[in-house]
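Once you've looked at the hints, dock chains A and L against the given chain G.
Protein chains in written order, with this note's numbering: chain G, 1 to 316; chain A, 1 to 290; chain L, 1 to 351.
Just so you know, the hints here were simulated from the structure itself, not pulled from any lab data. These numbers come from a predicted model, not from an experiment. Heads up, the beta-carbon is just placed ideally off N, CA and C, and yes, glycines get one too. Check the hints yourself; a few may be wrong.
[Said to hold, decoys possible] Using 27 Å as the maximum straight-line C-alpha spacing, the simulated DSS-like pairs for lysine-lysine come out as follows: (1) Lys284(A) to Lys217(L); (2) Lys283(A) to Lys42(L); (3) Lys288(L) to Lys65(G); (4) Lys290(L) to Lys26(G); (5) Lys234(L) to Lys15(G); (6) Lys288(L) to Lys251(A); (7) Lys28(A) to Lys73(L); (8) Lys290(L) to Lys284(A); (9) Lys23(L) to Lys152(L); (10) Lys110(L) to Lys252(A); (11) Lys251(A) to Lys176(L); (12) Lys200(G) to Lys42(L); (13) Lys100(A) to Lys260(L); (14) Lys208(L) to Lys26(G); (15) Lys274(L) to Lys234(L); (16) Lys26(G) to Lys204(L); (17) Lys171(A) to Lys208(A); (18) Lys283(A) to Lys252(A); (19) Lys44(A) to Lys260(L); (20) Lys234(L) to Lys65(G); (21) Lys46(G) to Lys42(L); (22) Lys183(G) to Lys30(L); (23) Lys87(G) to Lys274(L).
[To be verified] So the derived list for chain G, only partly shown, Cβ under 7 Å to chain L, looks like this: (24) Pro41; (25) Leu187; (26) Ile215; (27) Trp233.
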Amino acid sequence: METELRIEARNLLEKGTVKSIIGFTKGSLKFTTTPLFIRNPDDVHKLVVNRFIKNNLAKYLAEVKECVGIVVKGCDSRSVVSLIQDKQINRDNVVILGIACPGMIDVFKVEQLAGCDRDLIDDISVSDNVAIIDFGGRRKEVELSQVLYDSCLDCKCPVPTEYDLLVSGLSHIGRNEDVGKAKIQELKRMLPEQRWTFWKEQFRHCIRCYACRQICPVCYCERCFIESSEPRWLSPMAQWQHNLGFQIIRTIHVAGRCTDCGECERACPQNIPLRSMVGEMSDLVFKMFNYQAGSDKNAPSFMAAYEVTEAEEIFR
Amino acid sequence: MIIADLKQKQRFINKGNVYLPHIVIVDKIIEETPAIRTIRFHFKEEQLNREFKFRAGQFAELSVFGVGEATFCICSSPTRNEFWECCINRVGLVTDRLHKVGVGAELGFRGPYGNDFPVEAMEGKNIIFIGGGIGLAPLRSLIWNVMDNRNKFGNIAILYGARSSSDLCFKYDINLWTQDKSIKTILTVDKADKDWTGKVGMVPVVLKELAPSADNAIAVVCGPPVMIRNTFPVLEEIGFKPEDIFTTLEKKMKCGIGKCGRCNIGNIYVCRDGPVFTYAQIKKFISDEY
Amino acid sequence: MAFKKTAKNNITKLMTAWSHDFKIMVPTRKNSVIEFGDWDGKDVDFWVWYRNTVVPPKVFLLPVWEEMIRFSKNNHGWGLEVPGSEQKVLIFGVRPCDARGMAIINDVFKDGYPDYYYDIKRRRTVTVGLNCVQPYDSCFCTSMGIDPAMSKDVDVMLIDAGDDFIMEALTDAGAKLLHGEFIRSASAQEVQMARSMASSVTGKIHRKLNTHGLSEKLLDRFSDTELWEEIAAKCLSCGICTFLCPTCFCFEIYDESFKKQGSRYRGWDSCSFKLYTQMPMENPREEKWKRIRQRVCHKFEFHPINTGNFACTGCGRCIRLCPVNWDITQVIAQITGTMDSSLTEPSKNKV
Numbered sequence: 001m002e003t004e005l006r007i008e009a010r011n012l013l014e015k016g017t018v019k020s021i022i023g024f025t026k027g028s029l030k031f032t033t034t035p036l037f038i039r040n041p042d043d044v045h046k047l048v049v050n051r052f053i054k055n056n057l058a059k060y061l062a063e064v065k066e067c068v069g070i071v072v073k074g075c076d077s078r079s080v081v082s083l084i085q086d087k088q089i090n091r092d093n094v095v096i097l098g099i100a101c102p103g104m105i106d107v108f109k110v111e112q113l114a115g116c117d118r119d120l121i122d123d124i125s126v127s128d129n130v131a132i133i134d135f136g137g138r139r140k141e142v143e144l145s146q147v148l149y150d151s152c153l154d155c156k157c158p159v160p161t162e163y164d165l166l167v168s169g170l171s172h173i174g175r176n177e178d179v180g181k182a183k184i185q186e187l188k189r190m191l192p193e194q195r196w197t198f199w200k201e202q203f204r205h206c207i208r209c210y211a212c213r214q215i216c217p218v219c220y221c222e223r224c225f226i227e228s229s230e231p232r233w234l235s236p237m238a239q240w241q242h243n244l245g246f247q248i249i250r251t252i253h254v255a256g257r258c259t260d261c262g263e264c265e266r267a268c269p270q271n272i273p274l275r276s277m278v279g280e281m282s283d284l285v286f287k288m289f290n291y292q293a294g295s296d297k298n299a300p301s302f303m304a305a306y307e308v309t310e311a312e313e314i315f316r
Numbered sequence: 001m002i003i004a005d006l007k008q009k010q011r012f013i014n015k016g017n018v019y020l021p022h023i024v025i026v027d028k029i030i031e032e033t034p035a036i037r038t039i040r041f042h043f044k045e046e047q048l049n050r051e052f053k054f055r056a057g058q059f060a061e062l063s064v065f066g067v068g069e070a071t072f073c074i075c076s077s078p079t080r081n082e083f084w085e086c087c088i089n090r091v092g093l094v095t096d097r098l099h100k101v102g103v104g105a106e107l108g109f110r111g112p113y114g115n116d117f118p119v120e121a122m123e124g125k126n127i128i129f130i131g132g133g134i135g136l137a138p139l140r141s142l143i144w145n146v147m148d149n150r151n152k153f154g155n156i157a158i159l160y161g162a163r164s165s166s167d168l169c170f171k172y173d174i175n176l177w178t179q180d181k182s183i184k185t186i187l188t189v190d191k192a193d194k195d196w197t198g199k200v201g202m203v204p205v206v207l208k209e210l211a212p213s214a215d216n217a218i219a220v221v222c223g224p225p226v227m228i229r230n231t232f233p234v235l236e237e238i239g240f241k242p243e244d245i246f247t248t249l250e251k252k253m254k255c256g257i258g259k260c261g262r263c264n265i266g267n268i269y270v271c272r273d274g275p276v277f278t279y280a281q282i283k284k285f286i287s288d289e290y
Numbered sequence: 001m002a003f004k005k006t007a008k009n010n011i012t013k014l015m016t017a018w019s020h021d022f023k024i025m026v027p028t029r030k031n032s033v034i035e036f037g038d039w040d041g042k043d044v045d046f047w048v049w050y051r052n053t054v055v056p057p058k059v060f061l062l063p064v065w066e067e068m069i070r071f072s073k074n075n076h077g078w079g080l081e082v083p084g085s086e087q088k089v090l091i092f093g094v095r096p097c098d099a100r101g102m103a104i105i106n107d108v109f110k111d112g113y114p115d116y117y118y119d120i121k122r123r124r125t126v127t128v129g130l131n132c133v134q135p136y137d138s139c140f141c142t143s144m145g146i147d148p149a150m151s152k153d154v155d156v157m158l159i160d161a162g163d164d165f166i167m168e169a170l171t172d173a174g175a176k177l178l179h180g181e182f183i184r185s186a187s188a189q190e191v192q193m194a195r196s197m198a199s200s201v202t203g204k205i206h207r208k209l210n211t212h213g214l215s216e217k218l219l220d221r222f223s224d225t226e227l228w229e230e231i232a233a234k235c236l237s238c239g240i241c242t243f244l245c246p247t248c249f250c251f252e253i254y255d256e257s258f259k260k261q262g263s264r265y266r267g268w269d270s271c272s273f274k275l276y277t278q279m280p281m282e283n284p285r286e287e288k289w290k291r292i293r294q295r296v297c298h299k300f301e302f303h304p305i306n307t308g309n310f311a312c313t314g315c316g317r318c319i320r321l322c323p324v325n326w327d328i329t330q331v332i333a334q335i336t337g338t339m340d341s342s343l344t345e346p347s348k349n350k351v
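For reference, chain G alone in the conformation it holds in the complex (with noise of 0.2 Å):
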């Protein structure tokens, strides 16, 4: 997979075709990739592909004026094409490497299953479905469904639908809805009451470190709803009844166009799992409204589109 979109990154860059490409590169931490901006073909042996590289790089596409490259996965394509119906980027400025992706391994699970933090684990591979982890000359083996993210098992389209070259040579095995789900079911059999006080437990946490929103692709606004200050909607006060109203109303904007990718949920510093609000949001709008975000980048966008025969009930 990698020398395959290695080849093509190099022809794109010697040809001018774009001006650069953004891609992932191994982390200067055991079992992270980092993203990676290459102006240079000579530089292309630096891109990799694995399973760590779960950055949705459609972020980086808001601030780019010029035709880049960009590696992204199922997840990730369609945040682009969400961008693309936002009419935030062309089409013709940006030229997708698809991954098919074979579903990125949540070190954290790891962590957890070896009893041990990522630094003194020695090795993640993967053989068929099997996870082999390796950490201070022990060894165990598990069903790889049980290393993979949330939203890598709940995932809808592992292959990107919108690509100008597709890279596969793995499948997504290891799929499973109801660990995927696990969590947000959970919540869901809660009582309205029970379910307020988790989120205000969570929430109380939240250092309004903003990570969520900066790492979102879809949160592009030049100035977010929470910076401003004539109306001051909520305040900048991290106390967890300003916290879960910032993030409550960051759900609801991002809806039609997030596409439950999981980064937000990974790049809280806190643990706090937005991916239950975000995922949801997600769910609901498929449910209600047939519409699975950034699937076709000529339909219009989400919010911005009605038609006669859409679900009447929430207009009542």
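Here is chains A and L on its own, set in the frame of chain G:
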């Protein structure tokens, strides 16, 4: 990291808490232009009215309780202690509320902060004041300070410009200065209306034209950043030494006392090491962010 | 001061004794996030699993948000009130990097005007430090002149000595803690052995940041736009690195009110945010690369010019918790031209 004369300034800290504002009461409101007004106030606490002192160039944090705080230079003169004045440009939330308060309203006041113009060192010299728009506000404090001790200083000239004649601030002061034969007052606007009799052109351009003598002279410049940046080279051209050119810099501030971190230009904090700087100091800034 | 010791078995009893005067904060795990939380009175053994918290202990001196002034309007005008003083707090388990971070913040808040709220919190806070035994692969405190096995920036320093903790009081407040039936004297030999054992931790820190001539090199490359744009490219401009940094102290002041009552608050702010320096007519740091430049240069050039210390303690939280793995050690290596010196052993990253 030394704040000049800290003991002097610590006297005006309310109950030992530098963030606790004093309450001031609005005495008078002068609408300078559609978006600029001057607020004249005195302290609610009588003792402060008697004792409060500041120096020209210093600033204060005015607050509207429940809305917020913002930074303003004290534009009244230190030589006149019956009242204090701040000039407010309506550009945001706090300044908008400040434009809605009336006489008798209570505001919060924290200050005076920052360093000041070295008035004593300017004695015996010629001074040219160069102001643009609302930049006249900090200059005004120094101008009246100097005028109230007129015989200690040499030739005084004031060059003041604004976008149009309705944007000129402190028109009543300008009248007094224009009538005063011991100083030279030159006004200019970028765009003249039919009644305008003064000069036309941007301040740096007019300055170049006038080419005042740099002999035994000091220049004090204040205005929008772009005006200041364009005035410096002109002053150097006509012979002013960078140590003799003064200005006040403006940066977003919150605490006003060098702790919240945001007003820095390189390693200096505008609230603590400024806002008054010489051009020589500015040239040595290790950051390009002023 | 003489060295003392206490058996690890006695720590809970010791903390019970301390809890008469102090609210005790210990490392806890909530939501799988390690943070200083209220001690629940039960037996503790956190030194077995505790490495370091996500939010540094600076949060006890400079909280995420705090109320400064309460105001209310009545017939006589506005009345201002400062909320009352706070309970004494003992933070148990402060790592040397975080302790140095608190000392750096102390320099800023103690200089010039007294900061009323910081002073109250500083006075009422006592820190009990604990040597590091298992640094993260993101740690680089040794490069910043910090000894992970020892700190002089706490009130009491504990060194793990197997079954006991060796305790050294470094301040009067610390000395007051080391009394009672659970505290015994430690012999010079015991201290020596414990220190010797503890010092092996420096061999576990592989990440390096080259500070040699760093301030000058940053000054040199300050206007190199291309360099800073490249460095800033993947940064998201969120606030994680600044909020979780033990030495970062930037704050904002804002008012909240409803009708005739309200409060003025102080809360964390970040130089990474675009609005940080937003003025009505212009923003000197509109572009992301300028903000990154400010952050790096403040830590390694501006702050050292003012105080002689780098504003970085090598705790590695910024590297560990950055959502895109932006790495300050790699950035500094790039700026100083020592590119390969910061990386740890290569990760295998097999698919």
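The hints, checked one at a time:
1. Lys284(A) to Lys217(L): With a Cα-Cα distance of about 17 Å, the restraint between Lys284(A) and Lys217(L) holds, given a limit of 27 Å.
2. Lys283(A) to Lys42(L): 61 Å, violated
3. Lys288(L) to Lys65(G): 15 Å, holds
4. Lys290(L) to Lys26(G): The hint holds at about 26 Å.
5. Lys234(L) to Lys15(G): At roughly 25 Å apart (the allowed maximum being 27 Å), Lys15(G) and Lys234(L) satisfy the hint.
6. Lys288(L) to Lys251(A): This hinted pair holds, its Cα atoms lying about 18 Å apart.
7. Lys28(A) to Lys73(L): Distance ~21 Å between Lys28(A) and Lys73(L) Cα, so the pair holds.
8. Lys290(L) to Lys284(A): The given pair, whose Cα atoms are some 19 Å apart, holds under the 27 Å limit.
9. Lys23(L) to Lys152(L): 23 Å, holds
10. Lys110(L) to Lys252(A): 23 Å, holds
11. Lys251(A) to Lys176(L): 46 Å, violated
12. Lys200(G) to Lys42(L): 25 Å, holds
13. Lys100(A) to Lys260(L): Roughly 16 Å between the alpha carbons, so the hint for Lys100(A) and Lys260(L) holds.
14. Lys208(L) to Lys26(G): 18 Å, holds
15. Lys274(L) to Lys234(L): This hinted pair holds, its Cα atoms lying about 16 Å apart.
16. Lys26(G) to Lys204(L): 22 Å, holds
17. Lys171(A) to Lys208(A): 24 Å, holds
18. Lys283(A) to Lys252(A): Answer holds: Lys283(A) to Lys252(A) is near 21 Å, not above 27 Å.
19. Lys44(A) to Lys260(L): OK: Lys44(A) and Lys260(L) at ~19 Å, within 27 Å.
20. Lys234(L) to Lys65(G): This hinted pair holds, its Cα atoms lying about 15 Å apart.
21. Lys46(G) to Lys42(L): The hint is violated at about 51 Å.
22. Lys183(G) to Lys30(L): Holds, at about 17 Å.
23. Lys87(G) to Lys274(L): Status holds; Cα separation ~23 Å.
24. Pro41: Where the cut-off is 7 Å and the nearest Cβ of chain L is about 17 Å from Pro41(G), the hint is violated.
25. Leu187: Hint on Leu187(G): violated, closest Cβ of chain L at ~15 Å, above 7 Å.
26. Ile215: At about 5 Å, which falls below the 7 Å cut-off, the nearest Cβ of chain L leaves the hint on Ile215(G) intact, so it holds.
27. Trp233: 13 Å, violated
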